[in-house]
Amino acid sequence: MSENKSKGLSRRSFIKGAAATAGAAMGSGAITGFPTIWAQASKDITITHVGSIYTTNPTVAEQANKDLGFTIQMQTLDNTTLINRLLTQPETVDVADFGNTSMGYFKNKGILMPIPVSEYKYWDQTVPLFTQGTYPDGNPYSMQGYAPIKSQFWVDQSAQEYSLTPTDWLVGIPVMYNADTLGVRPDLVPRPVTSWKELFSSDFAGKVALQDGVGVGVPDAAVALEAAGLMTYGDKGNMTREEIDKTIEILIVMKRDGHFRSFWTNFDQSVQLMASGEVVLQSMFAPAVTEVRTRGINCQYLPLEEGSRGWYIFQSAMAHLDGGDKLRRDCVMEYMNWCNSGFNGVYFSRQGFYSSVPDVIKPLMTENDFGYWYEGKPATAEIIDPFGKVMEQAGAVRDGGSLWDRMGNVGIWNTLMDEDRYLVRRWQDFMAA
Amino acid sequence: MMSPRAASWLQATPFAIIMTGLVIVPLAMIFAVSFMDYGFAEIIPEFYLGNWTDIFRSDLAVATYATVLRQAFIVWGVTLLLGFTIAYYLIYHVRSNFWRAIFLAACAIPFWTSGPIRMISWVPLLGREGLVNQALTGLNLIDEPISWLLYSEFSVIVVYINMLTMAMVGPIANSMAKISPAVVQAARDQGATEWQVITEVIIPLIKPGIAVGTIFIVTAVMGDGFLVRAMSGNQVNTPAVAIMNEINAFQFPPAAAKSVVLLVVVMAFVGVLLRLVDIRKELAR
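Here the protein sequences line up with chains L and W, keeping their order. Residue numbers for the first sequence follow the working numbering, so the first one is 1 and each next one is one higher. Residue numbers for the second sequence follow the working numbering, so the first one is 434 and each next one is one higher.
Derived from the structure by calculation, the hints contain no laboratory data. Please note: incorrect hints may appear among the correct ones.
A few chain W residues that don't get close to chain L, going by computed Cβ distances all over 12 Å [unchecked claim]:
id, residue
1, GLY472
2, GLY483
3, HIS526
4, PHE536
5, CYS540
6, LEU569
7, TRP581
8, TYR584
9, ALA600
10, MET609
11, VAL616
12, ALA619
13, THR626
14, PHE685
Which stretches of chain W does chain L cover? Using the computed rule of at least three CB atoms under 8 Å from a CB of chain L, they are [to be verified]:
id, segment
15, 496-502
16, 664-673
Beta-carbon label-pair distances, calculated as ranges [said to hold, decoys possible]:
id, chain 1, residue 1, chain 2, residue 2, range
17, W, GLU479, L, PRO166, 35 to 41 Å
18, W, LEU572, L, ASN298, 26 to 32 Å
19, L, ILE297, W, MET452, 41 to 47 Å
20, L, THR92, W, MET452, 26 to 32 Å
21, W, TYR525, L, VAL390, 27 to 33 Å
22, W, VAL495, L, ILE297, 38 to 44 Å
23, L, THR240, W, MET452, 43 to 49 Å
24, W, MET452, L, GLU62, 28 to 34 Å
25, W, GLU479, L, THR88, 18 to 24 Å
26, L, THR48, W, ILE542, 52 to 58 Å
In this text, all values refer to a predicted model and were calculated from it rather than measured experimentally. We treat Cβ as the ideally placed atom computed from N, Cα and C, and that holds for glycine.
With these hints in hand, go ahead and build the complete structure from the sequences.
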């Protein structure tokens, strides 16, 4: 860190002497917090943060602008637009978030800034899912799909290849994660659902849905096919061509028999399918289940035998920052540290996502909220979401229990397969069938 | 004084620049990219024919074009029938211009809300628990809800018809309004029935209007991917959807090849239609 800072000093000492001096002073640990001189120089800086609807929102942006001495401009983009923008115009972005299904696109591209572990304040308090590649009890987790440890570290500062073992360079700062499973309408499904195989049970023909896509929907289908004894895989998160062919063939037969009601593209569609009763059993994201419930419709989200499908979202900075204005880079690091310092984590935790630094946000949440969302305890009062809507009454317990009850049995992670090219091609055949 | 020749060149220049910069150059780039290889969200600038051989050797292109042509044909037929009927009523049965304007505006009511809301609002109507199924069950016409009303090719076509009928009504009504009442009156005076007036006088005279409406409908159906995906629950693939799927996977070269093919097909269709019907007559009057 100090080395970087002093480099900045020599490079920029002529132009922005004051700011660089302050930066170097901060780097040496002489001054903590924001020296006035630094705040003066940084107040004209605007950081552009692009992300998904889950990670960018006006409430958090407002708080960030209140807490920090520079301006944060958040932009919400759909994933395709976001990744395209990062790949083609990385210089228009400072901070971006993305998840497992996109991690495969950043290797050997040189568009992301390697984040020095030493510059991220909360690394020591980050859950071992990211830091060690294990559960907190030290047990390893499933490596099928894009597991967190597969894309957490750069091999070196060149930021070209991912390392499976910890290094000093982070690909991104882990923000949120969760485990997805099947959403069930208990009023319309007559028996308890305990396995992914129910997705392909003829009892629910015409009443099931999957996410439309090769990074989430296909892994879900694969887990269900394996559970139903229709397929076996080496690695469901990274199939061979032969496995892809067989999987698509089975799915085409099922589609022709009218087994699938729909394939949803976004959150709203999955909520609509479940709330309207078009679908009684489908793969869902956690906040979609809570959204169905806030409409007064019972919807279960239970742990299944084969485990859940895990995912995470990283926040990263763009490579142009390392070669550009040192002050801007400092502001970006300050902002990324801010994002895991409390407010943001509390905000999304109350929507059902997990923070990568639960110990940091615990003191900032009410005991009732933390107990309900993280500890599997019955709510002692109404559970209210960040928008002010009542989600649960006192006495309610979160489906699946505590953080590690829910997150501790991941069967597969959201993915981007090596054979993506072939899989997309075969998925086209499936859609056309 | 500038020569007339130089003046013509000068007059054509702004449009030529726009066409070259915004149409021809991007198209040339798309064409070039279609001959390149690709990796994870990257175009590899090496000559690669696979994107093209896949189109001409696989069943996918046949399947997607069969689907979209079938949809376009059905939508065209229904919107033509509806469009002609509505236009005929507006022009020959509604006497006052005031009411004509009101009725035409009423046709646009479905477009007062946004596209996504319009699409979502089909679920409570056509869904398994929807109004149509409830009505049919209530009338004891069916025992079990019909599921093909929604998330099927049927719902895709219904929504196309809902969205595109106006595109047929407009040009046909425009053509009809230009027919001199004297011509229709002359036919009546000669003893022509209403049916004969329609088939032998009106239809031949509104052909340019029908051609314009047809171009609107066919290009809209061929080029759309969003509506198909939403209304079929991602279970119907068309050439435009196939392109979207590849763009979403950041696989640009095959998407480029498919785009070129789609462009050629649509342009060929429009070209043939313009040879059959002279729409310049329609624009000139």
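Consistency of the hints with the structure:
1. A beta-carbon of chain L is positioned within 12 Å of the beta-carbon of W/GLY472; the least distance is around 8 Å.
2. Distance check on W/GLY483: its Cβ comes as close as 10 Å (rounded) to a Cβ of chain L, failing to clear the 12 Å threshold; non-interface status is violated.
3. No beta-carbon of chain L is positioned within 12 Å of the beta-carbon of W/HIS526; the least distance is around 40 Å.
4. For W/PHE536, the requirement that its beta carbon stay farther than 12 Å from each beta carbon of chain L is met, with the minimum near 33 Å.
5. The claim that W/CYS540 is not at the interface with chain L holds, since no C-beta of that chain comes within 12 Å of its own (minimum 28 Å).
6. The claim that W/LEU569 lies off the interface holds: its Cβ sits roughly 17 Å from the closest Cβ of chain L, which is beyond the 12 Å cut-off.
7. With a least CB separation of 8 Å from chain L, W/TRP581 falls inside the 12 Å interface cut-off, contrary to its annotation.
8. Some Cβ of chain L comes within 12 Å of the Cβ of W/TYR584; the nearest lies about 5 Å off, and the non-interface call is violated.
9. A cut-off of 12 Å between C-beta atoms confirms that W/ALA600 is not in contact with chain L; the least separation is 26 Å.
10. Every Cβ of chain L is farther than 12 Å from the Cβ of W/MET609; the closest lies at roughly 40 Å, confirming the non-interface assignment.
11. Consistency note on W/VAL616: stated as away from chain L, and its beta-carbon is indeed over 12 Å from all of that chain's, at 49 Å minimum.
12. Even its closest Cβ contact with chain L, about 54 Å, leaves W/ALA619 beyond 12 Å, as expected for a residue assigned away from the interface.
13. Every CB of chain L is more than 12 Å from the CB of W/THR626 (nearest about 48 Å), matching its label as outside the interface.
14. The beta carbon of W/PHE685 sits about 10 Å from the closest Cβ of chain L, which is not more than 12 Å, so the claim that it is off the interface is violated.
15. Counting residues of the segment 496-502 of chain W whose CB lies closer than 8 Å to any CB of chain L gives 3, which reaches the minimum of 3, so the coverage claim holds.
16. Counting residues of the segment 664-673 of chain W whose CB lies closer than 8 Å to any CB of chain L gives 5, which reaches the minimum of 3, so the coverage claim holds.
17. With their beta carbons about 37 Å apart, W/GLU479 and L/PRO166 fall inside the hinted range of 35 to 41 Å.
18. The supplied range of 26 to 32 Å is met by W/LEU572 and L/ASN298, whose beta-carbon atoms lie about 30 Å from each other.
19. Separation of L/ILE297 from W/MET452 is about 54 Å and departs from the stated range, judged on CB atoms against 41 to 47 Å.
20. One distance hint, 26 to 32 Å for the beta-carbon pair L/THR92 and W/MET452, holds here, with the actual separation near 28 Å.
21. Distance hint check for W/TYR525 and L/VAL390: the Cβ-Cβ separation is about 59 Å, which falls outside the suggested range of 27 to 33 Å.
22. Range check, W/VAL495 to L/ILE297: Cβ separation about 43 Å, and the 38 to 44 Å hint holds.
23. Checked against the hint of 43 to 49 Å, the pair L/THR240 and W/MET452 passes, with Cβ atoms roughly 48 Å apart.
24. Restraint check, W/MET452 to L/GLU62: a C-beta distance of roughly 46 Å breaks the suggested window 28 to 34 Å.
25. Taking 18 to 24 Å as the suggested C-beta distance range, the pair W/GLU479 and L/THR88 conforms, at roughly 20 Å.
26. The given range of 52 to 58 Å is broken by L/THR48 and W/ILE542, whose C-beta atoms sit roughly 40 Å from each other.
Taken one by one, the earlier hints fail for this structure at numbers 1, 2, 7, 8, 14, 19, 21, 24, 26, listed in ascending order.
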